[in-house]
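Work out the full structure, taking the sequences as your base and the hints as a guide.
In the order they appear, the protein sequences are chains E and U. When we follow full-length UniProt numbering, the leftmost residue of the first sequence carries the number 1, and every step to the right adds one. When we follow full-length UniProt numbering, the leftmost residue of the second sequence carries the number 1, and every step to the right adds one.
Just so you know, these hints were derived from the structure itself, not from any lab. We treat Cβ as the ideally placed atom computed from N, Cα and C, and that holds for glycine. Hints are supplied without guarantee of correctness; some may be wrong.
What the hints assert, rightly or not - Output of the computed footprint for chain E on chain U, the stretches with three or more beta carbons under 8 Å from beta carbons of chain E:
1) 159 to 170
2) 225 to 234
3) 264 to 275
To be verified - One-sided excerpt, in silico: chain U residues whose CB lies under 10 Å from chain E:
4) Ala51
5) Gln68
6) Lys76
7) Pro86
8) Ser146
9) Gln239
10) Met240
11) Pro255
Here is how the chains run, residue by residue.
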Amino acid sequence: MKHNKFWLLLLAGLFFLTGCKQQGAAITAVGSSALQPLVEAAGERYSKDHAGEFVNVQGGGSGTGLSQIQSGAVDIGNSDLYAEEKSGIDAKKLVDHRVAVVGVTPIVNKDIPIKNLTMVQLRGIFSGRYTNWRQLGGPDVPIVIVNRASGSGTRVTFERWVMAKTPTKSAQEQDSTGMVRQIVSSTPGAISYVAFPYVDKTVKTISVDGVAPTDANVQTNKWVIWSYEHMYTKGPAKGLAKRFVDYVLSDTVQQEIVKKLGYIAVNEMKVERDLAGHVRERAGQS
Amino acid sequence: MAEDKIRESLLKESKASKREKHGKILSYSAIILIVVVVVSIFLFVATRGIATFTVNKGSIIDFFTKSQWNPGATDKGGHPLIGALPMIVGSFAVTVLSAIVATPFAIAAAIYMVEISPRRGYKILQPVIELLVGIPSVVYGFVGLSVVVPFIRNHFGGTGFGILAGTLVLFVMILPTATSMSVDALRAVPRYYREASLALGATRWQTIYKVVLRAAVPGIMTAVIFGMSRAFGEALAVQMVIGNATLLPQNLVSPASTLTSILTMGMGNSVMGSVSNNALWSLALLLLLMSLLFNILVHRISKKGALH
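Shown next as structure tokens:
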């Protein structure tokens, strides 16, 4: 009989543990690893300001974020892409909240002295037309292309605005930006592309058509390689999800957290760009 | 009255038999749970993996023979581009090469630990091997990325990423598995084999080479295959050093890819149910079938070569 009691207790304990949840309301946001630091920081800040409300943030990639929100498994799906750009997603059921803007810039190994490339040259590098930096006025070093995994937000953004439907050459692929930066910094002749927040002293950015990759140039769309960061909800946002999305769009988050992490605040954009790529001036901007 | 009591105690279930019943139920349900989990994982992977060929109209011949991997896009005939040959070649290349490099070391270490100096082997080599097992694969990958890759770049050319880097990292990773299983194989050789050999006047080396090793061949083969199956399934460390280019490897230092590296890279970026996702499940199915094959091989060998 003693043993029976033991098992019962164990079972009860298990039920208790699994049933034990955070007190108060909680939502889960899943997806894009590029957007993750922002949502995490905003979530922490939100919980601090609003006792009893929690935001669980997980990574997994834009694809995961979109498919999880589509199936209703989570409350917010984070994505670097428009839902329409991802195959297998029915974008009509999802509501888009554009919470930040992020620029993507080509980076090269520091040994390459080239400071500026034309868009055509950049396209030529990634399509495999140029194979040596000498062809572009640089030193005699073979070009080593490092790509992000196909389908990753950064790569889709880069290919859309740089490659313009030209197929990219099959090359090395890495599944995280940190890894890309590490490889570019240590491999002679390497070129890749990363989001602005990841640029540091170990790599060199390249201007394209004479335009430097800066926030100010993104805001005016002079620098065209940028994308919105999206938080998707299934149907219009409700309850805590809505309060949290509004919070992320508030000045507190946009002015402090967004900027600190290297993203660009949506309300500081001088232009607006829709899914098809049409650019127009933002209403209310002079 | 007394008779009734005896009768009752005989007819009633005793404490011990009750306990036995509980134990039985418990262990049976555990077994059933395990079997259900394994079967459902297999079915899940299989249905998803086969969908690439049935639902998305991918060609199974393309899968094994073509080298263009871009499941999101389709060729002129409308079939998705699912040429998995580069990954298949890459996986087998790193697996076989690392096994070839690791086997002599594993056997040498095992001979030292069992035949030559059991005490020192036990004191020094055993802890070293156990330590190697305990190192997480991300650490191996990181060391590979920051030490092995630059070393290869400086001495063999290329970018350093490729099959050679993968082989070197996997060699260290499968060495402990292969060594400790080879040790078991040598220990399983009965003492009287050695005694008989020595009694016939054979030297120590002759005994080791002609008797002990020969008798332990099936066990050592098992050890090597276990090492290979670990190498085949390893994802993270290989992914960090192999370059992940879906290209047929030109040489040992050109970027290549394995089934696992492409699988882990693509999972987060594709949507459940889409072609890209199904194609990844096909890779997973292939991996599963391969590890099944490795297991069958191990069973075959150990059955055939059992000492009588």
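Structure-based check of all given hints:
Counting residues of the stretch 159 to 170 of chain U whose CB lies closer than 8 Å to any CB of chain E gives 3, which reaches the minimum of 3, so the coverage claim holds. Interface restraint, the stretch 225 to 234 of chain U with chain E: violated (0 residues with C-beta to C-beta distance below 8 Å; minimum three). Figure legend: the stretch 264 to 275 of chain U, annotated as covered by chain E; annotation consistent (12 residues with Cβ-Cβ distances under 8 Å, at least 3 required). Hint status for Ala51 of chain U relative to chain E: violated, with the closest Cβ pair at about 13 Å, above 10 Å.
The criterion of a C-beta within 10 Å of any C-beta in chain E is met by Gln68 of chain U, whose closest approach is roughly 8 Å, and the hint holds. A distance limit of 10 Å between C-beta atoms decides the matter here; for Lys76 of chain U the minimum to chain E is near 14 Å, and the interface restraint is violated. Because the beta carbon of Pro86 of chain U sits about 9 Å from the nearest beta carbon in chain E, less than 10 Å, this interface hint is met. Satisfaction of the interface hint for Ser146 of chain U is found here, the shortest Cβ-Cβ separation to chain E being roughly 8 Å, below the 10 Å cut-off.
About 7 Å separates the beta-carbon of Gln239 of chain U from the nearest beta-carbon of chain E, less than 10 Å, and the hint is met. A hinted interface residue such as Met240 of chain U counts as satisfied when its beta carbon comes closer than 10 Å to some beta carbon of chain E; here the least separation is about 7 Å, so the hint holds. The beta carbon of Pro255 of chain U comes within 5 Å of a beta carbon in chain E, closer than 10 Å, and the hint placing it at the interface holds.
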